[in-house]
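Residues per chain, in single letters:
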Amino acid sequence: MIPFNFDYYKPNTLAEAVNLYAKLDSQGKEPIYYGGGTEFISMARVHNVKTKAVIDIKNIPECNVHGLVNGKLTIGSAITLTDIAVKNHFPLLSLTVKRIADHTIQDKITLGGNLAGTIIYREAVLPLMVANAHIVLEGLKGKRTVATMDVFKGKMKLFKGELIVQIIVEEKYLNLPYIHVKRTKNEKIDYPLITLVALVDQTKIHIAFSGLCAFPFRDISLENILNDGNLLQNKRIKMLIENIPHEILEDLGGSSEYRKFVLHKMLYEVLENFQEVL
Amino acid sequence: MLIISGNTPLALNINGEEREVIAKPSDTLLYTLRNELGLTGAKPGCENGDCGACTILVDDWPIKSCLMLTVEAIGKKITTIEGLKNAPIQKAFVENWGFQCGYCTSGFLMVCHSLSIHHPNADDYTIEEWLQSNLCRCTSYQEIGEAVKSILKQK
Chain A
37 MIPFNFDYYK PNTLAEAVNL YAKLDSQGKE PIYYGGGTEF ISMARVHNVK
87 TKAVIDIKNI PECNVHGLVN GKLTIGSAIT LTDIAVKNHF PLLSLTVKRI
137 ADHTIQDKIT LGGNLAGTII YREAVLPLMV ANAHIVLEGL KGKRTVATMD
187 VFKGKMKLFK GELIVQIIVE EKYLNLPYIH VKRTKNEKID YPLITLVALV
237 DQTKIHIAFS GLCAFPFRDI SLENILNDGN LLQNKRIKML IENIPHEILE
287 DLGGSSEYRK FVLHKMLYEV LENFQEVL
Chain B
33 MLIISGNTPL ALNINGEERE VIAKPSDTLL YTLRNELGLT GAKPGCENGD
83 CGACTILVDD WPIKSCLMLT VEAIGKKITT IEGLKNAPIQ KAFVENWGFQ
133 CGYCTSGFLM VCHSLSIHHP NADDYTIEEW LQSNLCRCTS YQEIGEAVKS
183 ILKQK
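Protein sequence lines, in the order shown, are assigned to chains A and B. Everything in the first sequence is counted per the numbering used here, starting at 37 for the first residue and increasing by one. Everything in the second sequence is counted per the numbering used here, starting at 33 for the first residue and increasing by one.
Heads up, some of the hints might be wrong.
Computed, partial: chain B to chain A, Cβ under 7 Å [claimed, not checked]: (1) Ser58; (2) Tyr63; (3) Asn67; (4) Asn80; (5) Gly81; (6) Trp93; (7) Pro94.
Read the hints as simulated data drawn from the structure, not as lab findings. We put the CB at the ideal spot given by N, CA and C, even for glycine.
Chain A on its own, in the form it takes in the complex (with noise of 0.2 Å):
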């Protein structure tokens, strides 16, 4: 039960809902989008956020946009995990959000709120990062399209009152090799311990992990030692981990020096993994 009121609002267009952003917030109610809600709600209960009023999304037609067309994937921001993993366009992407929570969640949680969530995992990004994903964002000065990598630096950098609207990726992305490993402490629903996910484009690997370090990342030195044909496989990991650019988590998940250990295993199955393609 959530241990506070707030008012429910539900536009049909981004027009309406990015103005009603800057109404309310005015009025000081800190409004909250809302797609799938589900970690909206369960902080809500334990007081872990609050908000005068909720604007849901999930009546915005260009929020439900989900199809290839015109050599470009659009996913809109509401539309669920499981609509994902169901019409599965991008194979990748699908056996990303197959593994977020379980599979009645996956009905609720939509790509946006993964996306933008505040729990520090937020592993759909993950095939975002490595197939080179555009955001599209819509704010009170209008709509702009980044690139995933440039919007996406630890969490996504977004104005204030800004909406996620869609997510584009090229087709060309859409089926090259790719690989996703998740590893748990035990449960195989858990947050992540590391998931890495990779694929392969014109004999290069990209490689983007959740779980290692506070936040999602890919990190293009990373790649490039990953992908120097002059080293040998064992040394081009060993390196790998020792270039690490942020802090590797120590919690009670595993301490960072179990973590790279199981990244190590994990990087020799990406590299046999993509051995014929390589």
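Assemble chain B onto chain A, guided by the hints.
Just chain B now, with coordinates in the frame of chain A:
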């Protein structure tokens, strides 16, 4: 634009019937089902989306009703355990000893019923994947799995 503020009469489609309830935006569907409509089959467990005891169907897909606002149910087809009415999975649970204390049973039944709709030819991996959304403290998992398989075979 739909705007709802404070306690408001809402029309919901529950188990094939149009029902009117009074709810405010912060009410979860689980709360409304149990306290406004007297449909107590959906059970409050963790109320955090972990246990699955409150699972219902929304447009035939299983959803944890503790993680859904009542206002989100407007325009959706809601099915609770009270709406199943002798579905094959209910008989299969009895015949396969798929429950002990029964607290998790309604949630499991909803998940299994939905599985039989969406994946009538589900393999063992899919069955396991679907059953992992719910917890049973009496550990009837083996029997529940057998119950699901028995109705899938019939299809």
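Subject >> Contradicted hints - numbers only >> reply: 3
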